[in-house]
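2 protein chains.
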Amino acid sequence: MRVLLKRLVAASPPRPPALNSIGVFVCPRKYEAERAWRRSKASMLAPDLPDVWSPLSPASSTLFSPARHHDNDDLKPKIINGKAIAEEIRLGIASEIRQMKDSTGKVPGLAVVLVGKRRDSRSYVRYKVMACEEVGITSILAELPEDCPELDVVNAVSNFNKDPSVHGILVQLPLPQHMDEEKVLSAISLEKDVDGFHPLNVGNLAMRGREPLFIPCAAKACIELLLRSGVELIGKNVAVIGRSRVVGLPISLLLQRHHATVSTIHAHSKNPEDITSEADIVISAAGVANLVGRNWLKRGAVVIDVGTNPVEDPNSEHGYYLTGDVCYEEALQVVSAITPVPGGVGPVTIAMLLSNTLDSARRAYGLS
Amino acid sequence: MRVLLKRLVAASPPRPPALNSIGVFVCPRKYEAERAWRRSKASMLAPDLPDVWSPLSPASSTLFSPARHHDNDDLKPKIINGKAIAEEIRLGIASEIRQMKDSTGKVPGLAVVLVGKRRDSRSYVRYKVMACEEVGITSILAELPEDCPELDVVNAVSNFNKDPSVHGILVQLPLPQHMDEEKVLSAISLEKDVDGFHPLNVGNLAMRGREPLFIPCAAKACIELLLRSGVELIGKNVAVIGRSRVVGLPISLLLQRHHATVSTIHAHSKNPEDITSEADIVISAAGVANLVGRNWLKRGAVVIDVGTNPVEDPNSEHGYYLTGDVCYEEALQVVSAITPVPGGVGPVTIAMLLSNTLDSARRAYGLS
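The listed protein sequences derive, respectively, from chains A and B. Residue numbers for the first sequence follow this note's numbering, beginning at 141 and rising by one. Residue numbers for the second sequence follow this note's numbering, beginning at 141 and rising by one.
Quick caveat, the hints were computed from the structure, so don't treat them as lab data. Treat the hints with care, as some may be off.
One side only, chain A facing chain B, incomplete, derived with CB under 8 Å [what the hints assert, rightly or not]:
id, residue
1, P285
2, P339
3, V342
4, G343
5, G349
6, R350
7, V371
8, I374
9, A407
10, S409
11, K410
12, T448
Beta carbons: idealized from backbone N, C-alpha and C, even for Gly.
For reference, chain A alone in the conformation it holds in the complex (with noise of 0.2 Å):
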């Protein structure tokens, strides 16, 4: 089998902030964000209400909070930060792994499986690897050649579930065509998917009551994103764009667990924009860039742009650039808040990947 592996082995993971003269934490506000990075699982699946009807007194006519945003409102739309939001995650993180290693000697590992030269899914395996070293996980990195046969791929994963110091797999996506990836995926142990592709993963997700071992991590961004920013979910509209596994069953999956009522559109929705349009919150996941346009959107709505499509364009460093599901200028004169693209969902999906794989460490480790 002709596999590079890699083993990255994080430089310690980044010290807490010395004392200053008077006895005080340097930088005090990052530092409490370390604390309060945490969300608990019961709250990213929310809260099991009971659903009890109430159908000659309905909450429809008395709860529903008036949207903020009027149209003669002078809108001022927050746009997400979801950079800033990442770093207070893997401050979380980071401060977390180094209580892990200081009380265990050991540490988060996780592997990731390249296969081929693709530009871009060597940039997202980048990405990863050094997000990882940044917290303080040991990240293997497993590349294979374009043309090898897919049991090698099957065999690197299987000999990754075999190995105590790794704790999330992930293979990076798409595979070369000759590869069954539904197989592939298959081969990671239910414990180490931290992806949370695993269909037992995804019913335990859709089944109120029950708790996945991973939530896919991009619902997960989606969750935090907006429970950070302040936006109430429990029976808000919400259109969620896209429907891949990836990314669009899951957000779907868990925003339902949230209580918010979910349209879920696809490429074979007729008038999409009739649902999108009369969303509180539109979440795109269709990995088309523009698709949203201003008709789209409700005045006042709150946007998730989970799309990041490259555009060629030779006269930029790359010869593309990237840009979102959402005509951003456009969503800015209507929205009361949105994500950019880059720099919203990406970095806190994989601050997520890393959450998940400290997860999977605790729950190998036996802390709690």
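Please arrange chain B on chain A, whose structure you already have, making use of the hints.
Same frame as chain A, now just chain B:
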């Protein structure tokens, strides 16, 4: 363990109709239905259409078939006859079971676990057992007393897991309050989970491209009723009212596989009628009598009413009558098609339980 086991060996499956005096089958219509009854798994799970977005020439404006019914039309709503559809399906199942018995000497077996003396539960179990007998499925009923320990129920399930003559196990819900339903249901082996409530089944239902071993019966029944009534699903706006794991959740997931645009409404939804009144199809599984009034429905909508709600009525034979979630008389004034309660979804749901049990037996006996 105080378990009363009743093995109800079905009488021989009903024989095909005899040839009449001129050598032609009697009741040809019914026996044509036998051959046509079986919807392939592929058609029940729907084709896996790729999500190709075309934002520049959107499907939205060109492909939407206008509603067939306008305000001035003289609506003659179609009453979808669940009893007749269920009978057709049962005839088909009986025919397959005869063939199975002829070729292997074996028939499918369904085990039902009933705890306590709840009148409604006993009724439901009686219907299921009768339906088994009618098609040639052997049913085994395990009756346990209301006050038995949870472990007795788990043991009953475990024994059925080991019994090779049992291909499906169902535990009649609700269980007494001192029992953990989750724990009891988890004891049912995946291969015999004919209700389809196992999280792995739910995950495989949620993920396009994967196949659950069993699709939950009520969800299958809704699709059967819609497809047999000629209702197109691709791209249609469907409002599902209710999100229980028994009904609402699997219906939403299955409809998404059929490429409908699904909005899932629940007790915390604000202004649910705003969404339902824009839907081409409304499926109500809230369990609230008369929740859905005329103002919740678009003119020409198709309504599938899964609700089966007892309403006290001292004048009726049993002291109550059954009604759906939908105000039937009001709905008749606007809809293009509707299922009645009773006689709509209920009988087809039981037929789907028989179908799942037959599928399980076919798998166990290695039949294609």
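- Query: Looking at the structure, which of the earlier hints fail to hold?
  - Reply: 1, 7 and 12
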